[in-house]
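Peer 1: As a plain string of letters, each chain reads:
There are 2 protein chains.
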Amino acid sequence: MSPRAVAAQESGFKRQTAANFSRVVIENVAPEIEEGAFPVKRVPGEAVRVEADIFADGHDELSAALLYRPRSEPKWIEVPMRPLGNDRWRAEFAVTGREDYLYTLKAWVDPLRTWLRDLKKRIEAAQDVAADLRIGATLIEAASKRAPAQDARRLRAWAAEISGEGEIKNRAQIALDADLGELAARFPSKRGCVSYGRVLEARVDREKARFSSWYELFPRSWNAGPGRHGNLRDVIDRLPYIAHMGFDVLYLPPIHPIGRTRRKGKNNSLDCKPEDPGSPWAIGSAEGGHCSIHPQLGTLEDFQTLFRKAQEQGLELALDIALQCSPDHPYLKEHPEWFRRRPDGTFQCAENPPKKYEDITPFNFECEKRMELWQEMKNIFLYWAAQGIRIFRVDNPHTKPLRFWEWLIAEVRREHPDSIFLSEAFTRPKVMYRLAKAGFNQSYNYFPWRNNKKELTDYFTELTQTPIREFFRPNLWTNTPDILTEYLQYGGRPAFMIRVVLAGTLGASYGIYGPAFELCEGRAKGPGQEEYLDSEKYELRRWDFESPHSLKDLIARLNRVRRGNPALQSDWSLRFHRVDNDQLLCYSKRSGDNVILAVVNLDPRHQQSGWIDLSPEEFGLDGQQPYQMHDLLTDARYLWRGPRNYVELSPEVCPAHIFRLRRRVRSEHDFDYFL
Amino acid sequence: MSPRAVAAQESGFKRQTAANFSRVVIENVAPEIEEGAFPVKRVPGEAVRVEADIFADGHDELSAALLYRPRSEPKWIEVPMRPLGNDRWRAEFAVTGREDYLYTLKAWVDPLRTWLRDLKKRIEAAQDVAADLRIGATLIEAASKRAPAQDARRLRAWAAEISGEGEIKNRAQIALDADLGELAARFPSKRGCVSYGRVLEARVDREKARFSSWYELFPRSWNAGPGRHGNLRDVIDRLPYIAHMGFDVLYLPPIHPIGRTRRKGKNNSLDCKPEDPGSPWAIGSAEGGHCSIHPQLGTLEDFQTLFRKAQEQGLELALDIALQCSPDHPYLKEHPEWFRRRPDGTFQCAENPPKKYEDITPFNFECEKRMELWQEMKNIFLYWAAQGIRIFRVDNPHTKPLRFWEWLIAEVRREHPDSIFLSEAFTRPKVMYRLAKAGFNQSYNYFPWRNNKKELTDYFTELTQTPIREFFRPNLWTNTPDILTEYLQYGGRPAFMIRVVLAGTLGASYGIYGPAFELCEGRAKGPGQEEYLDSEKYELRRWDFESPHSLKDLIARLNRVRRGNPALQSDWSLRFHRVDNDQLLCYSKRSGDNVILAVVNLDPRHQQSGWIDLSPEEFGLDGQQPYQMHDLLTDARYLWRGPRNYVELSPEVCPAHIFRLRRRVRSEHDFDYFL
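Protein chains in written order, with our numbering: chain A, 1 to 675; chain B, 1001 to 1675.
Please note: incorrect hints may appear among the correct ones.
[Said to hold, decoys possible] Pairs of lysine-lysine residues, derived as DSS-like cross-links and limited to a Cα-Cα distance of at most 27 Å, are as follows:
1. LYS121/A - LYS1430/B
2. LYS121/A - LYS1525/B
3. LYS169/A - LYS1356/B
4. LYS1378/B - LYS369/A
5. LYS190/A - LYS1430/B
6. LYS356/A - LYS1120/B
[As the list claims (entries may be wrong)] Facing chain B, from chain A, some residues (calculated, C-beta under 10 Å):
7. GLU27
8. ASN28
9. GLU34
10. ARG82
11. ASN86
12. ALA131
13. GLU351
14. LYS355
15. TRP407
16. VAL431
17. ARG434
[As the list claims (entries may be wrong)] Using C-beta positions, here's what the derived DEER-type ranges look like:
18. GLU27/A - PHE1426/B: 47 to 53 Å
19. GLN127/A - TYR1490/B: 33 to 39 Å
20. PRO1343/B - THR96/A: 44 to 50 Å
21. ARG414/A - THR1461/B: 46 to 52 Å
22. GLU27/A - ARG1191/B: 35 to 41 Å
23. SER189/A - GLY1345/B: 19 to 25 Å
24. THR1461/B - GLU648/A: 40 to 46 Å
25. ARG71/A - CYS1291/B: 56 to 62 Å
If you're looking for bench data, these hints aren't it; they were derived computationally from the structure.
Backbone N, C-alpha and C define an ideal beta-carbon position, used for all residues, glycine too.
Full structure from sequences and hints, please.
Peer 2: So, in structure tokens, the structure goes:
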């Protein structure tokens, strides 16, 4: 600790002086991430609801205002805050455009409103208020001096009447004029006003940062011919297949040249056959590095065609950026100073002792020349941004410095404010959350391993009902090339149905790794492992896209429901409801009039039934009238009544209801009248 | 918000650079009050247990240290922090002397410990570690350069052995030497070390700030003769009466001359008779102000005698400081600029509209000449401090600016670090807490109105088990001249017994206003009021000190128990235990081996019984063996066994047990063997 820092801090204990002095305290402001070091996140149309403890000594009336502005606007917009009780105050503003917003607070002792409040009490108690009227007139005159001409005239006239020659009773009534009171209060004295002293930021992302449906695929497996290396054109041919399912993000693992040195064989074997394609994450070879495309996948032109054709079908392309090299990456020759060396002069491979990843050479983000390294990393993102890419799925960000991401995302975002970064960090919660604070717009999370009712309820309550939601946007993946959970391995096709419905309704953003997912691929490499058997990470696979067991139609319905119901396009309204069966999970989301209630049977093996408790009034329904539950997956309609209703779900048929609540709009017994 | 402040804040969003860069994050530090703006509070012998979230990217080992020092010492003392799991770290230090302490944190990536950890794993996996040994030797040599000569020699020798010519297997074993590993880790590189960047303070008060037993009295009622004005000499005569009850603080309401103008008569009447003595809080007359003594109470010499004689009987004198004036106070003539005036030129009296306090003229702490006013207020405290007073009960601090108290207490404390300020603020919780943060060492609180089990459990859990305890020390008053609760009005003598036992066991600090309390005075001025009928605030009272119904002996026992049991001398160990009867409250406190379990019947009218659940093991008892519950109020001894035991309490006999837990020390059936 430097002496300067100590002195600066110690001075904090001495700020209590008669000269530099305000009676009002503003503290415990929310939302505020790490004392304002990080922004909260929003998309256009969302509100920032700001609360604070605001109080002073004594019994004077206080006023407080929320100040906000788009970053580029010089002028603050002021919103009055209102007291919620117990010295807590609140106001909110909506972000409209895509620009970032700033906000802060101020508060002041309000002698005018104090006077008006007290005058009312004095009049009620039939006290002599002659002197009080003169006091008030003085306050109003002072306010008039701070008001524009027209208002000033009205206030001066009011003050004159109040302190004039008329009967006290009449003047008292004039003093209580609510409109003029409001007007005068708009021009408070700066004396006694305190600023919060910290400007906070709301970072505004585009809508897709909040609401997105991801599909991940390995292009090399998408060729119909046996043993043939698929390419980007094969993916183009099958775009209708993906678009049919209703996804809006098409995410490709790294598409770069793959190293040959210490390339991994099938099932991650050290014994690599000549025909083995290697892991796409072992990036770089003589053919190029992070800004090149693997020749067997196609050309930059193919890439551009795929980008355009996908866009035409509503699919935005997302790339995987993995900041690491194969031993053959050109960087190792061009910039050996960016890597760690062993005492024998060889480059240090990636490892998590005793495990070694021989085909990967990590960067040393702390190296002497790190400024150049960091710049080059930024250039990779900018290169793909120049190709139109705005969605980056970042591989293992938690193994690179947190400050690096803070810097890099800010840099890329400055040039491309519409870029979206998805953090693939499966690590300890505090590191995951810090990456989100540092700027990642979406985050992988523990959803794959939250399977029972308590786990799901606790975790999604934490993510959606605590301050974590201000900066951490979960993206719920059913599976990834690294993660085939035991729930999927042992649950069969119903388990896949359950997990995709959970992902798509608990999460405004979710994703599947296909076609492994929709084809219900459940074979793991070994017991207790989450690796796929014959993983696409190390070999070409062929997929039976038209299998009758495919879940593609269910997924298409799910995504249609998501698109058609705003309630499912954000997470903050999530509420869990009681069911008297621990295998049934029930929760709702709402957006205005749009209310979705999901009921999921978490048991992939058995039919489960139970009684659901919910308060119809909570959803704006008349508790005395029946209401309709319209299952958007099956189109079945059920009539419910009151706070307790029965459900029964068979995993073999459909393990979930996704109900839309429909209110009765006419009294005739006709379902069409439910809206 | 000034543009400078905005710029300063916005720069906060840009701190992510490659040059200025540390991988380690320290956040969520506790205890820390309002970002370090206020100190935590301790007394000598207490510990400050510091926790923080500390983490970095990747898998490297981190080390962290707590740094602390007495404020006057230039050198930080370093304590290693230990990880608690989930990236939470902890260390603690004890404050010894009465000086204030500072503390802060640092943390760093520890390559040496990372290397040792990984080496172990590599050896277990039978990997070739030749290169790793050379890497380690380099790290150790680097550490040796930061070590003093003798340690440096040992480290260099170690490094030489590890990287030497011996067999790898032997060298690997040498490398794993735990002692040398410890030694090397004591000299980490500064590279990658991050300081918390904020110095926090632990303010150290004397013991009585935490543990004190207060007795409040009006000296003018302590003369035995009818209608005679009592004085300080009368109090001296009765000191043995107070000392017998075992109190250690004797607190007197204001002892200053009382104004005559608009003096209040009996029962707060506006109609004042010539013989009415007036309210002691209407301070100041022709005879003097805040630094004078009411002539009818005695002289400064009498005061000094009382001070000395009280001290001889273990009673420290505390004065009430009420920063307000009667209309006759000399200040109004000498410093009219310190007061607010009405438009007719008269001074503004105190009011809370529509209520008026005609006999009180408040200061205007915001007046132009406030620097002089604040200084004079400080002089009042310093004057009484010069008379030996170190305990100040401050009247209504919440009606004076919070900053004023921050300033004043710091000023007085600088000259008299042993001063104790008790805040008499019955107001909204956030204001009460802020006054405590601003420096008050003890605080009145809502105890008088917390009567049932849920209220008491919730409130004292909040006060003793949340971060509030770091700055807010409750002083539990059974009654005050302003507060005769309905519980006491309607509960009869048992209610008084119940409340004093609760106060003295729930609170390490507590107080009673006597003799009204021990004589069970329960008559209120009117229904729904908490004012005493014939309140001493406005008239002389005579008390029957020797009434057979007096609770003085119970109180004497209670205070003896408090003095004899360290468990009751602090609040943080408070735990509530389940009883299957909502009229019975059971809680424990402990200090080392000293364990007190209190059971209180909250119903002053009926006998109550129930079964108490507690885990004997929690108190270090053998759950299989009987243990003895020694009731320190009645000296009765009960044998309990296991986790569930029966109690029965009759309010007419004694509504509470204060048990001391006694463990069996020999196996014979002899109660004397319980310690």
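Peer 1: Hint by hint, note whether the structure agrees.
Peer 2: Against the structure, the hints come out as follows:
1. Between the alpha carbons of LYS121/A and LYS1430/B the distance comes to roughly 26 Å, so the proposed pair stays at or under 27 Å and holds.
2. About 25 Å separates the Cα atoms of LYS121/A and LYS1525/B, which keeps this hinted pair within 27 Å; it holds.
3. Annotation: proposed proximity of LYS169/A to LYS1356/B holds, straight-line Cα distance about 21 Å (limit 27 Å).
4. Distance check on the hinted pair: LYS1378/B and LYS369/A sit about 59 Å apart at the alpha-carbon level, beyond 27 Å; violated.
5. Taking the CA atoms of LYS190/A and LYS1430/B, the gap is near 24 Å; set against the 27 Å cutoff, the hint holds.
6. This hinted pair checks out: LYS356/A and LYS1120/B have alpha carbons roughly 15 Å apart, not beyond 27 Å.
7. The interface hint given for GLU27/A is met, as the beta carbon of that residue sits about 6 Å from the closest beta carbon of chain B, less than 10 Å.
8. Because the closest C-beta pair between ASN28/A and chain B is about 9 Å apart, less than 10 Å, the hint holds.
9. Using the Cβ-Cβ criterion of 10 Å, the hint placing GLU34/A at the interface with chain B is satisfied: the shortest such distance is roughly 6 Å.
10. The criterion of a C-beta within 10 Å of any C-beta in chain B is not met by ARG82/A, whose closest approach is roughly 17 Å, and the hint is violated.
11. Hint status for ASN86/A: holds, given a least beta-carbon distance of 7 Å to chain B, under 10 Å.
12. Because the smallest distance between the Cβ of ALA131/A and any Cβ of chain B comes to about 5 Å, under 10 Å, the interface hint for this residue holds.
13. The closest approach between the C-beta of GLU351/A and any C-beta of chain B is roughly 8 Å, which is under the 10 Å cut-off, so the hint is satisfied.
14. Residue-level restraint check for LYS355/A holds (minimum Cβ-Cβ distance to chain B is 9 Å; threshold 10 Å).
15. Residue-level restraint check for TRP407/A holds (minimum Cβ-Cβ distance to chain B is 4 Å; threshold 10 Å).
16. Given the 10 Å rule on beta carbons, the hint for VAL431/A holds: about 6 Å separates it from the nearest Cβ of chain B.
17. A cut of 10 Å between beta carbons decides the hint on ARG434/A: the least distance to chain B is about 6 Å, and the hint holds.
18. Distance hint for GLU27/A and PHE1426/B: a CB-CB separation of about 21 Å, inconsistent with the stated range 47 to 53 Å.
19. Against the hinted window of 33 to 39 Å, the Cβ-Cβ separation of GLN127/A and TYR1490/B comes to about 34 Å, which satisfies the hint.
20. For PRO1343/B and THR96/A, the hinted distance range of 44 to 50 Å is satisfied, since their beta carbons lie about 49 Å from each other.
21. Checked against the hint of 46 to 52 Å, the C-beta distance between ARG414/A and THR1461/B comes to roughly 49 Å, which is consistent with it.
22. Restraint check, GLU27/A to ARG1191/B: a C-beta distance of roughly 37 Å satisfies the suggested window 35 to 41 Å.
23. Remark: the range hint 19 to 25 Å for SER189/A to GLY1345/B is upheld by a beta-carbon distance near 23 Å.
24. Separation of THR1461/B from GLU648/A is about 43 Å and conforms to the stated range, judged on CB atoms against 40 to 46 Å.
25. One distance hint, 56 to 62 Å for the beta-carbon pair ARG71/A and CYS1291/B, holds here, with the actual separation near 57 Å.
The structure is inconsistent with the numbered hints 4, 10, 18, although it conforms to all the rest.
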